[in-house]
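Going by the numbering used here, 97 is the number at position 96 of the sequence shown; the sequence numbering is gapless.
Rather than coming from a laboratory, the hints here were simulated on the basis of the structure.
For each label pair, taking beta carbons as the anchor points, the in silico distance ranges come out as: (1) V71 with E96: 31 to 39 Å; (2) E96 with A57: 19 to 27 Å; (3) K42 with Y6: 19 to 27 Å.
All C-beta atoms in this analysis are idealised placements derived from N, C-alpha and C, irrespective of residue type, glycine included.
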Amino acid sequence: MSDLYSPEEMAEQKLDLLTRLLNGAEDEQNPRERARMIGHKLHGTAAYFGLDDLAAAGLTMERNARDESVAEADLDSELSEILAAMSMLRDELREEFPSIYQKVALALGAA
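Sequences are here, hints too, so could you generate the full structure?
What follows is the structure, given as structure tokens:
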């Protein structure tokens, strides 16, 4: 990806992704479906941007959400850990590219 996009463009895309996923995590849905949806989106988009740890966490979340033997409390705990990691990444990008962060946040209404 780095040969196609500048670091600033990559940061803007990552911030947009993280902000939308973090905002989507609060939508009212069945907890299992919410975890599955977030895991699926996180796996695909994080893999695209080379965020391998988040992609793996997303895949695990999606699989666990489909597995009825996994308790919803465990899914909530997993989701909390993923959201904490995403928030930390978003904060790192915000510090490294503050003008891009502000632009994305304003566009998404998350300033």
